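Please model the entire structure based on the sequences and the hints provided.
There are 2 protein chains.
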Amino acid sequence: MSSLTDVSTHALTEAQQRIQQDLLTALDAFSIPEPLKGAVYHAVMLGGKRVRPALCYATAALKPNTNFAAVRRAAVAIEFIHCYSLAHDDLPCMDNDLLRRGQPTCHVAFGEDTALLAGDILQSMAFEVLGSRLFDQGPAVEAPIILKQMQILATATSKMVNGQVLDLQAEGKHVSQDELENIHRNKTGALISAAIMMAAVTIFNGTDQAIPKLREFGLAIGLAFQVQDDILDIIADTEALGKTAGKDQQVDKSTYPALMGLDQAQAYAEELHAQALQALDYFAEDAAELLKITQFLLKRQS
Amino acid sequence: MSSLTDVSTHALTEAQQRIQQDLLTALDAFSIPEPLKGAVYHAVMLGGKRVRPALCYATAALKPNTNFAAVRRAAVAIEFIHCYSLAHDDLPCMDNDLLRRGQPTCHVAFGEDTALLAGDILQSMAFEVLGSRLFDQGPAVEAPIILKQMQILATATSKMVNGQVLDLQAEGKHVSQDELENIHRNKTGALISAAIMMAAVTIFNGTDQAIPKLREFGLAIGLAFQVQDDILDIIADTEALGKTAGKDQQVDKSTYPALMGLDQAQAYAEELHAQALQALDYFAEDAAELLKITQFLLKRQS
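As they're listed, the protein sequences go chains G and W.
Position 185 of the first sequence, counting from 1, maps to 185 under full-length UniProt numbering, and the rest follow consecutively.
Position 11 of the second sequence, counting from 1, maps to 11 under full-length UniProt numbering, and the rest follow consecutively.
Any given hint might turn out to be false.
When chains are identical, the list treats them as one kind, so a pair holds in a single copy or across two.
[Said to hold, decoys possible] Below, simulated SDA-like cross-link-like pairs (lysine to any residue); rule was C-alpha separation at most 25 Å, straight line: (1) 37 to 175; (2) 253 to 98; (3) 37 to 182; (4) 173 to 89; (5) 37 to 181; (6) 63 to 274; (7) 37 to 253; (8) 37 to 96; (9) 148 to 257; (10) 253 to 32; (11) 299 to 216; (12) 37 to 111; (13) 253 to 266; (14) 63 to 181; (15) 148 to 30; (16) 253 to 31.
What the hints contain is simulated information worked out from the structure, not anything from laboratory work.
Because the structure is a prediction, the values reported are computed rather than measured.
The structure is reproduced here in structure tokens:
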């Protein structure tokens, strides 16, 4: 393992510890009856890479003296949305997955009805957190900024669902690279971009050149993340992934390795990472945190 | 049928036509891939009483020269949330209902996976609509007002899910009247109150006495609505209801008639209506529209 990977892994570990604490604080602020409460905590607290919160924090680090409460709320909200999507994705009528992050999936542990409702409530809880004063110590963030965060989150969440439908429709069919990119820009790219843009609107105003640069970065890193996911599904084993490996091939899913071969897919992932890094040039050394995470995502093994 | 009922039915018909048009306009503004698009339109456009939008409009009618675009968006958003909850409620892992509004339920018509995703996307679409410029003709509504609408909607949506869990937990058990009220204040009351409060924050500022009065009205009418629903499940037939009648007794659900007997439940519904009307006294003749809907809800047969 290169020292670069060590550094970037460390950066993500810090973000993971921070978000783990904030997720717990946020969950504890809600009053949820059992057994739903158990299912919601199960869906959220099992771990995972927490890539979206990490991107949120690292984007905020572009500018010192940021109102960090609004960024912390955005990180929690986006992770709630991600966890809702996983709980629903794993349901028998969807992917019918039994294992997630090395643990029984939500419906295996709590039943289908409760897992469904856990996903449902995590979505509205995400918007509740975003509109709350959670973590606030100073004055309230201006309403137009919070409103923009909500708009970004809502739009990305809808896109994610559209992407899931496109993905299901593509199973067993030959799709072009353009079609595959459209699926993933919606399915995973939208939420990854949203993590970046929710922090971006908190620290930059609309006229700043930084916003389009971060949009560019988000698009590239979002797609790179998915290409890497497809590759790992083939080359990693179930234990390292914490979810069932080889699942894509089993259900004849359209993936980048299936479309272009494994070597080409790996080259494409690196090309997308280069694009992402190029977009960060604009920020020079301010982008140190974003750079670390980008490196981590390229080198990750799970 | 009394002339009073005629008038109030007419008031609701007007609201129904208005919301039907606005729901269609809103849906058409989204780009959704098939088969999800069909399922979303199916879930939303089949009809229903549209009580929540009607309450939203009638609340806005308390004050002339309201920025009506924000109220129309709120009405669409709240109906999207209601329709998402029905699509998920009807799923096999929940109530396993085959019939809704006299038509096949969403999962019967489109499959479980698509019905699940239709409910999911309707939730984020609700927040998208709320944060959009849909229906705007004049200047944009101030961000703090839209933010308040979003907070109200998100909180009510979470409460609705909590209420569903409490309701499922209560099946086959003896519950007290307090417990039953707690279930229904969450399960149906929260969203009905939200319909009123989302319009209220658009037209009144926070210091106005009108807000607590409308909160009081919302609580009473929300609970009255549920008591009446329980009664109709017993006395109406499947054709009039457009959904399977007698379902509550089949699954041994906790209902007001089961708890206190049919006569007592009917008396309680009238008492709650009286409370609702009393809260409207504050607005004198300005509450004409809210009054008509309150009358309709008391007299409804389905």
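Each hint, compared with the structure:
Taking the shortest Cα distances, residue 37 and residue 175 sit within 25 Å of each other only across copies (21 Å), while inside one copy they are farther apart (41 Å). Taking the shortest Cα distances, residue 253 and residue 98 sit within 25 Å of each other inside one copy (18 Å), while across copies they are farther apart (31 Å). Taking the closest pair of Cα atoms, residue 37 and residue 182 come within 25 Å of each other only across two copies (17 Å); inside a single copy the shortest separation is 35 Å, beyond that limit. For the homomeric pair residue 173 and residue 89, the shortest alpha-carbon distance inside one copy (20 Å) is at most 25 Å, but the shortest distance between copies (32 Å) is not.
For the identical chains of this complex, residue 37 and residue 181 are inter-copy neighbours only, at 21 Å across copies versus 36 Å inside a copy, given an alpha-carbon limit of 25 Å. For a Cα distance limit of 25 Å, the shortest separation of residue 63 from residue 274 inside one copy, 23 Å, qualifies, whereas the shortest one across copies, 57 Å, does not. In the homo-oligomer, the alpha carbons of residue 37 and residue 253 lie at most 25 Å apart only across protomers (22 Å), although the nearest pairing inside one protomer, at 34 Å, exceeds that limit. For the identical chains of this complex, residue 37 and residue 96 are neighbours both inside a copy (22 Å) and across copies (23 Å), given an alpha-carbon limit of 25 Å.
For a Cα distance limit of 25 Å, the shortest separation of residue 148 from residue 257 qualifies neither inside one copy, at 37 Å, nor across copies, at 46 Å. Proximity of residue 253 and residue 32 under a CA criterion of 25 Å is satisfied inter-copy only: 21 Å between copies versus 37 Å inside one chain copy. Only within a single protomer do residue 299 and residue 216 lie at most 25 Å apart by alpha-carbon distance; the minimum there is 21 Å, versus 57 Å between protomers. Proximity of residue 37 and residue 111 under a CA criterion of 25 Å is satisfied intra-copy only: 13 Å inside one chain copy versus 28 Å between copies.
Taking the shortest Cα distances, residue 253 and residue 266 sit within 25 Å of each other inside one copy (18 Å), while across copies they are farther apart (56 Å). With identical chains, the CA atoms of residue 63 and residue 181 are never at most 25 Å apart, being 31 Å at best within one copy and 49 Å at best between copies. Proximity of residue 148 and residue 30 under a CA criterion of 25 Å is satisfied in both settings, with 24 Å inside one chain copy and 19 Å between copies. Within a single copy, residue 253 and residue 31 get their C-alpha atoms only as close as 39 Å, which misses the 25 Å cut-off; across copies the closest is 24 Å, which meets it.
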